[in-house]
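> Sequence:
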Amino acid sequence: MWITGILGRPKISGAQLVAILPLAIVHTMGNLFTNMSLGKVAVSFTHTIKAMEPFFSVLLSALFLGELPTVWVVLSLLPIVGGVALASLTEASFNWAGFWSAMASNVTFQSRNVLSKKLMVKKEESLDNINLFSIITVMSFFLLAPVAFLTEGIKITPTALQSAGLNVKQVLTRSFLAALCFHAYQQVSYMILARVSPVTHSVGNCVKRVVVIVTSVLFFRTPVSPINSLGTAIALAGVFLYSQLKRLKPKPKTA
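Quick note, in the working numbering, the sequence shown goes up one by one and the last residue is 363.
For the record, the hints were derived by calculation from the structure and aren't laboratory data.
Treat the hints with care, as some may be off.
[What the hints assert, rightly or not] Beta-carbon label-pair distances, calculated as ranges:
1. 123 with 328: 42 to 50 Å
2. 197 with 280: 36 to 44 Å
3. 189 with 299: 23 to 31 Å
4. 286 with 259: 17 to 25 Å
5. 292 with 197: 31 to 39 Å
6. 129 with 273: 34 to 42 Å
7. 287 with 202: 27 to 35 Å
8. 300 with 246: 17 to 25 Å
Computed from a predicted model, the values in this text were never measured in an experiment.
Where is the CB? At the ideal position from N, CA and C, for every residue including glycine.
Please model the entire structure based on the sequences and the hints provided.
Below, the structure written as structure tokens:
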């Protein structure tokens, strides 16, 4: 977009790059942890755990932005945590590596959102959301590329893919489409984050979880027990309750 002129190239100072670097680090870690979880457990279970985003968003917003939640908002987080716990106990594909990877992705992604919002509200230093996310993505590439090369290396060459019985053209095509869709999703996510609070953003993200969970169960034909379904439903109902309580503004005190 910068090369074609569709998007104006930002003028970045060294101080801004230093401020953005932590965002790139947690962004990279969040993607790594999510993919680690997806490799260990069912897609639907990973996204059930990631429904706990509001819990971490509230905690991190209180720590870094000074946004203290009301008692009712805190109470609404209980069914989210309880529902995820219930779903975890009855998940056929459950293992600790997949569980903790998904939990770690919650922490890192919500840290990125809260820190990004903190950077966005500093008007004198802020970038527009598209350029901010673009710089984070470029930094993330340079952080991850050496690691991927050292750990995977020859495993991702066309010869290695063919020897593993994979269709190289299909792998490259699907990888490109997945990358395009993922970047578009993240870009839209940042555009929304620039307009709402991190907590509201995490609630909207949980609506996406419903679509992902249902679609993955149907597409991959993942076995889901009634108790597992109940746990997922409780967690998502908690997210809905939480979103409704967040809309309620405390009444101003009268003298």
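> For each hint, tell me whether it holds in the structure or not.
Against the structure, the hints come out as follows:
no., hint, verdict
1, 123 with 328: 42 to 50 Å, "46 Å, holds"
2, 197 with 280: 36 to 44 Å, "40 Å, holds"
3, 189 with 299: 23 to 31 Å, "29 Å, holds"
4, 286 with 259: 17 to 25 Å, "20 Å, holds"
5, 292 with 197: 31 to 39 Å, "36 Å, holds"
6, 129 with 273: 34 to 42 Å, "40 Å, holds"
7, 287 with 202: 27 to 35 Å, "29 Å, holds"
8, 300 with 246: 17 to 25 Å, "21 Å, holds"
Of the hints listed earlier, there is not a single one the structure fails to meet.
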